[in-house]
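Novice: Please build the complete structure, drawing on both the sequences and the hints.
Number of protein chains: 2
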Amino acid sequence: MKVLITGAAGMIGAKLTERLLNDGQIAGVPITHMLLADVVSPAQPTSSLTSSVEVKTLAIDLTDAVAATQLLAQEPDLIYHLAAIVSGEAEADFDKGYRINLDGTRSLLDTIRDKHITNDYTPRLIFASSIAVYGAPFPEVIDDNFQQTPLTSYGTQKAICELLLADCNRRGFLQGISLRLPTICIRPGQPNKAASGFFSNILREPINGISAVLPVQDTVRHWFASPRTAIDFLIHAATLAPEQVGLRCAMNLPGLSATVAEQLESLARVVGTDALKLITRKPDDAINAIVANWPETFNAKRAIALGFTAERSFDDIIKVYLEDDKPNVGS
Amino acid sequence: MKVLITGAAGMIGAKLTERLLNDGQIAGVPITHMLLADVVSPAQPTSSLTSSVEVKTLAIDLTDAVAATQLLAQEPDLIYHLAAIVSGEAEADFDKGYRINLDGTRSLLDTIRDKHITNDYTPRLIFASSIAVYGAPFPEVIDDNFQQTPLTSYGTQKAICELLLADCNRRGFLQGISLRLPTICIRPGQPNKAASGFFSNILREPINGISAVLPVQDTVRHWFASPRTAIDFLIHAATLAPEQVGLRCAMNLPGLSATVAEQLESLARVVGTDALKLITRKPDDAINAIVANWPETFNAKRAIALGFTAERSFDDIIKVYLEDDKPNVGS
Chain A
4 MKVLITGAAG MIGAKLTERL LNDGQIAGVP ITHMLLADVV SPAQPTSSLT
54 SSVEVKTLAI DLTDAVAATQ LLAQEPDLIY HLAAIVSGEA EADFDKGYRI
104 NLDGTRSLLD TIRDKHITND YTPRLIFASS IAVYGAPFPE VIDDNFQQTP
154 LTSYGTQKAI CELLLADCNR RGFLQGISLR LPTICIRPGQ PNKAASGFFS
204 NILREPINGI SAVLPVQDTV RHWFASPRTA IDFLIHAATL APEQVGLRCA
254 MNLPGLSATV AEQLESLARV VGTDALKLIT RKPDDAINAI VANWPETFNA
304 KRAIALGFTA ERSFDDIIKV YLEDDKPNVG S
Chain B
4 MKVLITGAAG MIGAKLTERL LNDGQIAGVP ITHMLLADVV SPAQPTSSLT
54 SSVEVKTLAI DLTDAVAATQ LLAQEPDLIY HLAAIVSGEA EADFDKGYRI
104 NLDGTRSLLD TIRDKHITND YTPRLIFASS IAVYGAPFPE VIDDNFQQTP
154 LTSYGTQKAI CELLLADCNR RGFLQGISLR LPTICIRPGQ PNKAASGFFS
204 NILREPINGI SAVLPVQDTV RHWFASPRTA IDFLIHAATL APEQVGLRCA
254 MNLPGLSATV AEQLESLARV VGTDALKLIT RKPDDAINAI VANWPETFNA
304 KRAIALGFTA ERSFDDIIKV YLEDDKPNVG S
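Protein chains in written order, with the numbering used here: chain A, 4 to 334; chain B, 4 to 334.
Source of the hints: derived by calculation from the structure; they are not laboratory data. Any given hint might turn out to be false.
No copy labels: a pair is met if it fits in one copy or bridges any two.
In silico lysine-lysine, DSBU-like type, Cα no more than 35 Å apart, as pairs [as the list claims (entries may be wrong)]:
{"id": "1", "residue 1": "K99", "residue 2": "K5"}
{"id": "2", "residue 1": "K5", "residue 2": "K285"}
{"id": "3", "residue 1": "K99", "residue 2": "K118"}
Specialist: The structure is reproduced here in structure tokens:
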């Protein structure tokens with residue numbers, strides 16, 4: 004099986020690459036080729052992992068007219084389309100957001116369709132969507148039938164790409180799935196431009212002895228999954244039969260609904276109460292205004308029935324960070 | 004007030020034009036200019052109606068790179084964006100559907116945004132969307148919160164345009180409203196390429212002594228409003244304050260839920276049982292398959308609270324046709 008990952012240099016892209024190379028297969032089908040693409044060339048994975056897989060990296064700008072043709076030249080069987088600019092940037096730069104997040108995806112879909120028509124090429128495409136397709140006001144629990152009324156340009160772009168993908172899926176140009184990922188927590192590494200960054204910062208930084216700013220009230224509730232779970236989602240999606248996915252190919256995923264207070268309680272429990280001393284409360288009206296429009300709790304009934312699973316306690320989410328991502332200072 | 008109507012040569016566009024010229028105002032504000040645009044030049048309205056309004060017509064292809072600039076050159080205060088290719092054609096010609104229904108709308112929105120940034124131009128834009136943004140399976144009654152999962156390319160394009168419009172509305176580039184029109188019945192004139200055409204054909208043709216084909220079962224239920232009501236919707240939308248519309252600017256509208264059997268009972272009641280003899284039952288699998296995915300009944304609570312109203316009996320829908328549209332043969 005040939006696998007293409009767009010956005011492969013991102014946090015999720017890199018973890019997915021590592022996991023696929025470790026597994027060497029998906030649902031029993033050996034991975035033979037991987038093309039890792041991003042706007043900056045993704046790191047070449049360490050050779051120990053790649054012995055049986057031909058891995059190529061490609062620096063490519065999705066808004067380039069020939070990008071999609073290059074990405075699809077080898078006709079990958081499975082495409083993970085993760086490339087996107089994040090919510091904060093898409094809000095700050097209207098044109099760039101639509102160019103990359105919408106036009107980039109459309110160009111990929113159009114090229115797949117061209118190849119489908121000429122060549123019967125019909126790949127599986129797994130699109131990293133987001134709960135940002137939803138916007139307040141919300142019911143207490145959001146079910147699988149709730150309307151998409153995004154309140155950011157990022158969420159609008161994700162919702163539009165879901166619709167485009169679903170139409171291509173319905174017409175049989177590809178086998179599409181859009182996964183509305185929960186907010187990923189704890190994000191390793193440096194803060195990015197996502198407005199949701201603080202949910203990770205207030206845990207990751209204190210764990211590493213660094214101070215962090217909490218810009219919202221302790222009562223703020225949100226919907227989370229760990230990076231490891233996000234990768235599990237992406238892998239599991241690739242194992243579903245098209246008839247399990249059907250025409251409603253965008254789906255909410257299981258996650259953990261937690262308040263900031265619950266995050267901090269877990270932090271104290273797992274790492275110790277000293278970690279809390281590194282957090283400074285500094286309310287930020289702009290961030291509060293954005294967060295007030297975010298979903299808090301889902302009942303992801305359909306995805307759970309399809310076998311997707313997520314963490315059930317925030318302690319587990321913190322432990323995933325300690326096991327998978329905490330920098331091993333001094334070792 | 005300057006008014007632009009795209010799709011002005013269509014059935015709804017022509018009726019809206021006539022109504023606006025008759026009224027001469029919207030919510031007490033006099034209409035001074037009207038620009039009627041379509042891919043074929045709309046008919047110049049009769050002079051008696053246009054005495055106080057400067058009316059211009061324009062033949063323009065929305066997919067032309069300069070079309071939006073030409074349409075917006077005079078900075079209309081109110082834009083009715085009705086132009087679209089219909090469901091049957093958008094399904095048959097994938098590229099044409101996306102080019103006109105999606106790219107055409109996006110180009111209009113982008114040009115408005117440019118003018119907003121340079122010139123603080125902030126028009127009101129009323130977009131003719133459709134219940135085709137919904138796709139089966141449905142709950143018994145579709146409420147205002149139900150998800151958009153279209154099962155046609157036409158419905159996909161309408162849903163995407165709603166999302167684009169909502170993002171522009173949220174950012175303040177314009178004041179947008181998307182009206183999810185029920186199926187308009189009885190459509191006057193000739194059948195068009197809409198898959199829903201038979202709902203009108205089975206009434207209009209017998210009323211005029213012409214035979215008609217019924218391709219579905221009598222039990223098929225659907226959601227209707229008359230052309231007159233559709234025009235009322237478009238006018239009423241223009242009178243709403245932006246704060247009444249808010250950020251969820253796409254809305255379901257009231258209508259009448261009726262089965263084909265109920266349509267035919269009304270036909271017999273209003274026009275006489277002889278009309279039924281002109282209807283031939285000829286089941287069409289393709290049309291049945293499409294119709295099976297269409298919504299049947301809505302609870303358009305929000306639009307009703309905002310003052311939108313529709314017919315409450317199918318007899319009334321037939322009477323509207325007799326009063327407004329039946330050709331006066333021999334007079």
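Novice: Hint numbers the structure violates, sorted upward?
Specialist: As far as the earlier hints go, only 2 is violated by this structure.
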